[in-house]
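Undergrad: So the sequences go chain by chain: A and B.
Take the first sequence: its position 71, counting from 1, is numbered 71 in this note's numbering, and each next residue is one higher.
Take the second sequence: its position 53, counting from 1, is numbered 53 in this note's numbering, and each next residue is one higher.
Incorrect hints may have been included.
To be verified - Pair ranges (Cβ atoms, derived): (1) A:M1 x B:N42: 14 to 24 Å; (2) A:D37 x B:N42: 54 to 64 Å; (3) B:K49 x A:F63: 24 to 34 Å; (4) A:T35 x B:E40: 46 to 56 Å.
Hints listed in this document are in silico derivations from the structure and should not be mistaken for laboratory results.
Every value quoted in this text rests on a predicted model; they were computed, and no experiment measured them.
Built from N, CA and C at the ideal position, the CB exists for glycine as well.
Spelled out from the first residue to the last, the chains are:
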Amino acid sequence: MATTEIINGTSLVLYIGDVAVGSATGHTLSVQMATRDATTKSSDGWAAKLAGLRSWSAGGSGFVCFADTYGYEELQAAVIDRTAVTVKLSTEVAGDTYYSGSGYLTGIDLDAPVEESSTYTFTIEGTGALTPYVGT
Amino acid sequence: MKVVLTKELMIGNYPKEKGRVIEVTKDYGHQLIREGKAREENFIEKIKKKVLTKKKKHGNN
């Protein structure tokens, strides 16, 4: 049954190729549309815009744990191997909307401060459309 | 959903050993179960619960 209340961020998980990103603490999904200039002398001094390219990106953060099924190591390998990955952000609840698309891992940063847990953050740039689906 | 691997499985170019618990999408999880590569994480607990419930009913009769 579809979730009717405000979605708890913990329930919304980023999957890469059907496997959840391990030791994750946060995920982001961003959709943008660039505009193109259409300002003319008859625009009364106001910038005029027309719709342009659409793009999307996703990202996340987590703790570095080499025992993860799909964690820091695998994410870093995807950057180095330059492989496209399938991204899915989903609650895995029937009736809930989820988003899916293909993208490239464009960066992963590891932070290892003294006497604190090591963390990582990664970014994925989408190629092609990000499509919404309804979970079954 | 969480599944337990019943066979070694390659994930992201890395082999993941039998017995590992992995979180996967529902579709992929069911596919792995169908292919005999994994079982539901709490499958054994579910069976135990069913058996215990049935026994209890018998006792009451």
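Undergrad: Next, verify each hint and record whether it holds.
TA: Hints, one by one, checked against the model:
1. A:M1 x B:N42: 14 to 24 Å: For M1 (chain A) and N42 (chain B) the Cβ distance comes to about 20 Å; the hint holds.
2. A:D37 x B:N42: 54 to 64 Å: holds, 57 Å
3. B:K49 x A:F63: 24 to 34 Å: At 33 Å between Cβs, range holds.
4. A:T35 x B:E40: 46 to 56 Å: Once the Cβ atoms are compared, 48 Å apart, the range 46 to 56 Å for E40 (chain B) and T35 (chain A) holds.
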